[in-house]
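Student: Going line by line, the protein sequences match chains A and B.
Following my numbering, the numbering of the first sequence begins with 52 at its first residue and continues without gaps.
Following my numbering, the numbering of the second sequence begins with 52 at its first residue and continues without gaps.
Hints may contain errors.
Claimed, not checked - Listed below are the simulated DSS-like cross-link pairs for lysine-lysine, each with C-alpha atoms no more than 25 Å apart in a straight line:
id : chain 1 : residue 1 : chain 2 : residue 2
1  : B       : K301      : A       : K164
2  : B       : K301      : B       : K164
3  : A       : K103      : A       : K67
4  : A       : K77       : A       : K164
5  : B       : K164      : A       : K301
What the hints assert, rightly or not - Sample of chain B residues lacking proximity to chain A, with all beta carbon distances greater than 12 Å (derived):
id : residue
6  : Q70
7  : A182
8  : G210
9  : N223
10 : E318
To be verified - Example chain B residues on the side facing chain A (calculated, C-beta under 7 Å, incomplete):
id : residue
11 : S81
12 : Y83
13 : D176
These are computed hints drawn from the structure, not numbers from a lab.
Note that the coordinates shown come from a computational prediction; the quantities given were computed from them, not determined experimentally.
Glycine included, each C-beta is placed from N, C-alpha and C at the ideal position.
Number of protein chains: 2
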Amino acid sequence: MSQATPSRDALGILQKDSQRLVDYFKQILSRYADAPARLMESIEYSLMAGGKRLRPALVLECCRACGGDGQSQTSALASAAAMELIHTFSLVHDDLPAMDNDDLRRGRPTNHKVFGDAMAILAGDAMTTMAFQILATDAAAHVVGALVQELASASGPEGMIGGQVLDMEGENVSLSLEQLQRLHRMKTGALLKASCRMGALAAGATAAQLAAVSDYGRHLGLAFQIVDDVLDVTSTPQQMGKATGKDAAKGKNTYPVLMGLDPSRREAAVQLQAGIQSLASFGASADGLRALARFVVEREN
Amino acid sequence: MSQATPSRDALGILQKDSQRLVDYFKQILSRYADAPARLMESIEYSLMAGGKRLRPALVLECCRACGGDGQSQTSALASAAAMELIHTFSLVHDDLPAMDNDDLRRGRPTNHKVFGDAMAILAGDAMTTMAFQILATDAAAHVVGALVQELASASGPEGMIGGQVLDMEGENVSLSLEQLQRLHRMKTGALLKASCRMGALAAGATAAQLAAVSDYGRHLGLAFQIVDDVLDVTSTPQQMGKATGKDAAKGKNTYPVLMGLDPSRREAAVQLQAGIQSLASFGASADGLRALARFVVEREN
Chain A
52 MSQATPSRDA LGILQKDSQR LVDYFKQILS RYADAPARLM ESIEYSLMAG
102 GKRLRPALVL ECCRACGGDG QSQTSALASA AAMELIHTFS LVHDDLPAMD
152 NDDLRRGRPT NHKVFGDAMA ILAGDAMTTM AFQILATDAA AHVVGALVQE
202 LASASGPEGM IGGQVLDMEG ENVSLSLEQL QRLHRMKTGA LLKASCRMGA
252 LAAGATAAQL AAVSDYGRHL GLAFQIVDDV LDVTSTPQQM GKATGKDAAK
302 GKNTYPVLMG LDPSRREAAV QLQAGIQSLA SFGASADGLR ALARFVVERE
352 N
Chain B
52 MSQATPSRDA LGILQKDSQR LVDYFKQILS RYADAPARLM ESIEYSLMAG
102 GKRLRPALVL ECCRACGGDG QSQTSALASA AAMELIHTFS LVHDDLPAMD
152 NDDLRRGRPT NHKVFGDAMA ILAGDAMTTM AFQILATDAA AHVVGALVQE
202 LASASGPEGM IGGQVLDMEG ENVSLSLEQL QRLHRMKTGA LLKASCRMGA
252 LAAGATAAQL AAVSDYGRHL GLAFQIVDDV LDVTSTPQQM GKATGKDAAK
302 GKNTYPVLMG LDPSRREAAV QLQAGIQSLA SFGASADGLR ALARFVVERE
352 N
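Could you put the whole structure together from the sequences, leaning on the hints where they help?
Tutor: Here is the structure:
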């Protein structure tokens, strides 16, 4: 288990996995030759805008950690793409004027600023259906059902979308720490944990492996959100590629607001250690996951 | 093959299938006990608002026509619910101010008029994920992949959502009949045809049966849209439960505009006959489908 230069390791992993994903996305987009060109441009605009691609990397690294073979890697790549499509659709809809009304995302104008509100809504809708289509067509037949179930349940009313509703309802309302944790477990945590689980499912993981990466994903998800909240206070828009200081402006509940900045940072570190601890039964095959966890807490954007 | 009182037969089928679906929806909605209450209210509001429920009936009747047994009927019911969720999500998003900006749907205020634009967007998003989740959890394992693929492909960039983009781009632009047919084949036809195919897939249909119900669904889809366009000209909002005359007001391309009213009606009748002809190899098991086809053309709302 390498402890040296974790962020550099993580960046290497993110870069390599991201390149695999981008190549695969190009191939996927080319399958929709009969779709309206402007719709596909809008989808491509947001899908190819970069970003850290943390979720796909978690899928691929969890598959590796669980010893996935060649066929498993194909299912994992399909899962990684499906996950990134769902994540991207949620950003496109979240940025809409009716929602967070953001102009900037990943350093570029948001989808609706370029393509209009109607097209942004439809592009988001289309990305969702594409995510499930990829699983059905590209993942191995015996894992399709489990992968669809995992992705759908993590995205839906008890997952990401439910969390967005809680986030909206929580504006200018004081939440308890417990309520805030529920919100984040759903809004951000569900997809991060599902990314880990889908990688394991693709690999045909044992129940013990699946439980371990689920725990890892849960702690990572919490750490991720705490750090996100902290960065919204301490970073500049240039660093983040999106507006900052928005949480306070919108009266959103955050860890820094509820706990203070330094206790938030300490809690992120606690979650990081717990996440790494979850991987104790894995050997060197989980070094990538350990590096990614440290990256999540140490990142500056 | 009963020719008597087709509409009455169809109404009986629609009513019976609709009741089965509503009971099932109640059970499905109860599974999301941990979701935000207001989100589930918004979803239930649109899902339980009635409507003809033609698509679910097509799924169930195609499964019957192909000789589906008990387990097949369970997969078909899951498919019917998934299909209605996708159809309903598309209506909720289509009614948004950024899209068609409609105030009335199925005789009631549209979702966003009651729950706000943000919640309507999220409710639509959630319905999509729920659709795929139901297939993964409730359909028989050996057909999940095919059903997910069918639903996703019919809904996505080359299906319904792509058709909505063409519809939007076609406003105040003159389309050829061929372009209009492509638009409708995607916007409305894809889901209607997929409803038929999912019923057949659930039943474990032969290739010949699947091809026959696909043809039936294709003709039915075209007939449905022609009649929809005609009714937008000839009906009142009271009859339709939604605004009428909107196509002309928005400069939309329709069959009556391109062909005239009477030729449109004749074309619908031609499609009806072709649809029924596609079922020639089926016996009395397809009587329900024949009745539904006649209903689609003879309906007054």
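Student: Next step is simple, just say for each hint if it's right about the structure.
Tutor: Structure-based check of all given hints:
1. About 23 Å separates the Cα atoms of B/K301 and A/K164, which keeps this hinted pair within 25 Å; it holds.
2. Of the pairs offered as hints, the one joining B/K301 and B/K164 holds, with about 21 Å between alpha carbons and a cut-off of 25 Å not exceeded.
3. Straight-line distance between C-alpha atoms of A/K103 and A/K67 comes to about 11 Å, which keeps the hinted pair within the 25 Å bound.
4. Distance check on the hinted pair: A/K77 and A/K164 sit about 24 Å apart at the alpha-carbon level, within 25 Å; holds.
5. For a cut-off of 25 Å, the pair hint linking B/K164 to A/K301 stands: about 23 Å separates their Cα positions.
6. Taking the minimum C-beta to C-beta distance to chain A, about 24 Å, the non-interface status of B/Q70 holds against the 12 Å cut.
7. Non-interface call for B/A182 relative to chain A: violated, since the shortest CB-CB distance, roughly 8 Å, does not exceed 12 Å.
8. B/G210, annotated as away from the interface, has a beta carbon of chain A within 12 Å; the closest lies near 8 Å.
9. Every C-beta of chain A lies more than 12 Å from that of B/N223, the closest at about 15 Å, which supports listing it as non-interface.
10. Against the 12 Å criterion, B/E318 stays outside the reach of chain A, whose nearest CB is about 24 Å from its own CB.
11. At about 12 Å, the closest approach between the beta carbon of B/S81 and any beta carbon in chain A exceeds 7 Å, and the interface hint on this residue is violated.
12. Hint on B/Y83 holds. Least Cβ distance to chain A is approximately 5 Å, under the 7 Å limit.
13. Annotation: B/D176 was flagged as interfacial toward chain A, and the flag holds, the nearest CB pair being 5 Å apart, inside 7 Å.
The structure fails to meet hints 7, 8 and 11 from the earlier list, while all remaining hints are met.
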